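> From first to last, the protein sequence lines stand for chains F and Z. Throughout, the numbering used here is defined as the position within the first sequence, counted from one, plus 1. Throughout, the numbering used here is defined as the position within the second sequence, counted from one, plus 116.
Hints should not be assumed to be uniformly reliable.
Said to hold, decoys possible - Now the in silico label distances, taken between C-beta atoms and shown as ranges: (1) Z:Lys-127 / F:Pro-224: 55 to 65 Å; (2) Z:Ser-257 / F:Ala-232: 42 to 52 Å; (3) Z:Asn-130 / F:Pro-224: 51 to 61 Å; (4) F:Val-69 / Z:Gln-183: 35 to 45 Å; (5) Z:Asn-130 / F:Val-225: 50 to 60 Å; (6) Z:Lys-352 / F:Arg-104: 44 to 54 Å.
What the hints assert, rightly or not - Subject to a maximum C-alpha distance of 20 Å in a straight line, what follows is the list of computed DMTMM-like cross-link-like pairs (lysine to aspartate or glutamate): (7) F:Lys-187 / Z:Glu-206; (8) Z:Lys-248 / Z:Glu-234; (9) Z:Lys-127 / Z:Asp-331; (10) Z:Lys-221 / F:Glu-139; (11) Z:Lys-301 / Z:Glu-145; (12) F:Lys-187 / Z:Asp-194; (13) Z:Lys-299 / Z:Glu-238; (14) Z:Lys-200 / Z:Glu-249; (15) F:Lys-187 / Z:Glu-238; (16) Z:Lys-127 / Z:Glu-171; (17) F:Lys-187 / Z:Glu-256; (18) Z:Lys-299 / Z:Asp-242; (19) Z:Lys-248 / Z:Asp-230; (20) F:Lys-100 / Z:Glu-171; (21) Z:Lys-301 / Z:Glu-238; (22) F:Lys-153 / F:Glu-139; (23) F:Lys-100 / F:Asp-186; (24) Z:Lys-248 / Z:Asp-228.
Simulated from the structure, these hints should not be mistaken for lab results. Remember, it's a predicted structure, so these values are computed and weren't measured experimentally. Glycine included, every Cβ here is placed at the ideal spot set by N, Cα and C.
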Amino acid sequence: MLELIIQNAINALQWGSFYALIALGYTLVYGVLTLINFAHGDVFMVGAYIAFFVATFFLVSLGVPGWVVLALCVPLTMILTSLVGVTLERIAYRPLRNKGAHRLYVVITALMCGLILQHANLAIFGASRKAFPPLIQEHVYNVGGVSFTNLKVAVIVTAFLVFLILHWIVTRTRVGMAMRAISYDKFAVPLMGIPLDQIIVITFVLGSGFAGLAGLLFAMSYPVLEPYMGALIGWKAFIAAVVGGIGDIRGAFLGGFLLGAIEILVVAFFPSTLRDLIAFTVLLVILTFKPTGFFGVAKTTKI
Amino acid sequence: MMLSVENLEVKYGNIQALHGISFHVNAGEIVTLIGANGAGKTTSLYAIARLTPPEAPRVIGGDIRFQGRSILTTRPSDVVKQLKMALSPEGRRIFGNLTVMENLKLATFARDKDADLEREYERVFDLFPRLKERRHQRSESLSGGEQQMLAVGRALMTGCRLLLLDEPSMGLAPVLKYELFRKLKRLNEEGMTILLVEQNASLALNLAHRGYVLDTGTIVAEGTSAQLINNPEVKKAYLGG
Ligand SMILES: Nc1ncnc2c1ncn2[C@@H]1O[C@H](COP(=O)(O)OP(=O)(O)O)[C@@H](O)[C@H]1O
Ligand SMILES: [Mg+2]
């Protein structure tokens, strides 16, 4: 019984890590811009593809050893994916912001950007799925009836590390303070000598960089890539961010792990076809009782 | 001339709020802009700080010069960073979700790496000891007077040479008003140039070297403080007889 609980807890943490890593991007951008960046799930998908191309290039074309490729993949994927996020902000969101467009139009633009990323991918690379090459030898450990792999542990550890890093950035650095200040009173921020656009770009760099990292880890864990892989997981991560309290990074992680746990639990007891139905229903019930999510406050004054 | 505003005309949407006003501030001076509610004082400061519409106005004519150079294309963050002008805005607008110390630290965002920040925090705390006592509190929890001190302290931490103050006495009890104005005088004696916007004309004219009177977007009187205090029209309209 105890083994079963621990086993499911590990699975829930690993599965929730992906939601958490993606949810933080929604939450960061929302905290700073009150924009729901619906393209973010597809930025995760692009991250997985970037990881795929970087990995195949070094592994197959140059014959570099797998662990070296992984060490290269992490920074390269994060950098290239954050460039994608920053590009979206630059060519799609910033012009609208400068024209003072209503939030509704910006959200619809974000939705379109997501669709463009999906279909550009489809158009360029075709509908066939891509198989992500194995970078490290996957070891299965068995401790007292609980089994886990080195990759699973790495995913969980990464999610916690990312949380600590982000928490440090948001609470301790001047950039983080500026992000919180923007969420409180955007108008007064330039009076501190802080260029708004610079902080917004940093926000997108962080959100999409970590989405890229999630894409890499996801591709390593479930090595089949297709253009729509970011859509459902993106929606789920967004909902996780809302349940946690959008705008608060603690909420993104709590919501991500909670959703992971619910899904794993459902699958443990019910046919897996019921997974999403039950998971979404539970989240809906939570939101009915706590519409602003766990860490959310009624006013939007948070990251 | 440190700052000069020349025939400035601005609009909010289609409504003109300033109709060609001119005034200037010399280095080392305290200059005040007085006028009734809605005269265009805040609008003038927003334009100088180069803040952006819709909350701030759009310049449609005239010029704003800093040390002779037009700043109409300068970004608001560069007004602080490069020109070293800082605005303590109307209503204080401190970041209530940050602590007092974080508010002050945030204002050093654009400072040079080699700035001696420790000494400057001390200078602000020396000027406003209450801020030091409360430095770890969320600034939302400060009293109105303390928030005003924070707003001024925050502007000072940007390393400004020209301090723009928008109704710093608003909402303060009389004792605190006089205390704040004594501190502004001390700041000026230490070399800070100040452009002070006030509804409380007698308080402002007692502190300032020179002043301008603004009425519905037009400057209707100007001169040294003594001249304005003795001007019968100004006396009647703004100094209670
Ligand atoms: N954001 C705004 N949009 C439209 N009109 C504004 C705005 N801010 C101020 N105004 C108008 O501009 C005029 C000057 O306002 P303001 O500069 O705030 O006056 P003061 O600071 O002297 O009280 C007023 O008529 C006011 O209604
Ligand atoms: Mg005003």
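> All hints, please: hold or fail.
Cross-check of the supplied hints:
Distance hint check: the CB atoms of Lys-127 (chain Z) and Pro-224 (chain F) are about 59 Å apart, consistent with the given range 55 to 65 Å. At roughly 44 Å, the beta-carbon separation of Ser-257 (chain Z) and Ala-232 (chain F) lies within the given 42 to 52 Å, and the hint holds. Our hint of 51 to 61 Å for Asn-130 (chain Z) and Pro-224 (chain F) holds, since their Cβ atoms are close to 60 Å apart. Distance hint check for Val-69 (chain F) and Gln-183 (chain Z): the Cβ-Cβ separation is about 56 Å, which falls outside the suggested range of 35 to 45 Å.
Our hint of 50 to 60 Å for Asn-130 (chain Z) and Val-225 (chain F) holds, since their Cβ atoms are close to 58 Å apart. Between Lys-352 (chain Z) and Arg-104 (chain F), the C-beta spacing of about 49 Å keeps the proposed range 44 to 54 Å intact. Distance check on the hinted pair: Lys-187 (chain F) and Glu-206 (chain Z) sit about 15 Å apart at the alpha-carbon level, within 20 Å; holds. For the hint pairing Lys-248 (chain Z) with Glu-234 (chain Z), the CA-to-CA distance comes to about 13 Å; that is within 20 Å, so the pair holds.
Note on Lys-127 (chain Z) and Asp-331 (chain Z): the hinted pairing holds, with a Cα-Cα distance of about 16 Å set against a maximum of 20 Å. For the given pair, Lys-221 (chain Z) sits about 47 Å from Glu-139 (chain F) by alpha-carbon distance, which is inconsistent with the 20 Å threshold. Our distance criterion of 20 Å between C-alpha atoms is met by Lys-301 (chain Z) and Glu-145 (chain Z), whose separation comes to about 10 Å. A threshold of 20 Å between alpha carbons decides the hint, and for Lys-187 (chain F) with Asp-194 (chain Z) the separation of about 16 Å falls inside it, so the pair holds.
Taken as a hint, the Lys-299 (chain Z) and Glu-238 (chain Z) pair is honoured in the structure, with Cα atoms around 15 Å apart against an allowance of 20 Å. A hinted pair counts as satisfied when its Cα atoms are at most 20 Å apart, and Lys-200 (chain Z) with Glu-249 (chain Z) does not qualify at roughly 28 Å. Of the pairs offered as hints, the one joining Lys-187 (chain F) and Glu-238 (chain Z) is violated, with about 28 Å between alpha carbons and a cut-off of 20 Å exceeded. A threshold of 20 Å between alpha carbons decides the hint, and for Lys-127 (chain Z) with Glu-171 (chain Z) the separation of about 11 Å falls inside it, so the pair holds.
A C-alpha spacing of about 16 Å is found between Lys-187 (chain F) and Glu-256 (chain Z), which places the hinted pair at or below 20 Å, so the restraint holds. The suggested pairing of Lys-299 (chain Z) with Asp-242 (chain Z) holds, with an alpha-carbon distance near 10 Å, which does not exceed 20 Å. Using a Cα cut-off of 20 Å, the hinted pair Lys-248 (chain Z) and Asp-230 (chain Z) is violated, with the two alpha carbons roughly 23 Å apart. Under the criterion of a C-alpha separation no larger than 20 Å, the hint pairing Lys-100 (chain F) with Glu-171 (chain Z) is consistent with the structure, at around 13 Å.
Proposed proximity of Lys-301 (chain Z) and Glu-238 (chain Z) is supported: the alpha carbons are some 18 Å apart, at most 20 Å. In summary, the hint linking Lys-153 (chain F) to Glu-139 (chain F) is supported, as the alpha carbons are separated by about 9 Å, within the 20 Å threshold. Simply put, Lys-100 (chain F) and Asp-186 (chain F) have alpha-carbon atoms about 19 Å apart, close enough for the 20 Å limit, and the pair holds. Between Lys-248 (chain Z) and Asp-228 (chain Z) the alpha-carbon distance is near 24 Å, which puts this suggested pair outside the 20 Å criterion.
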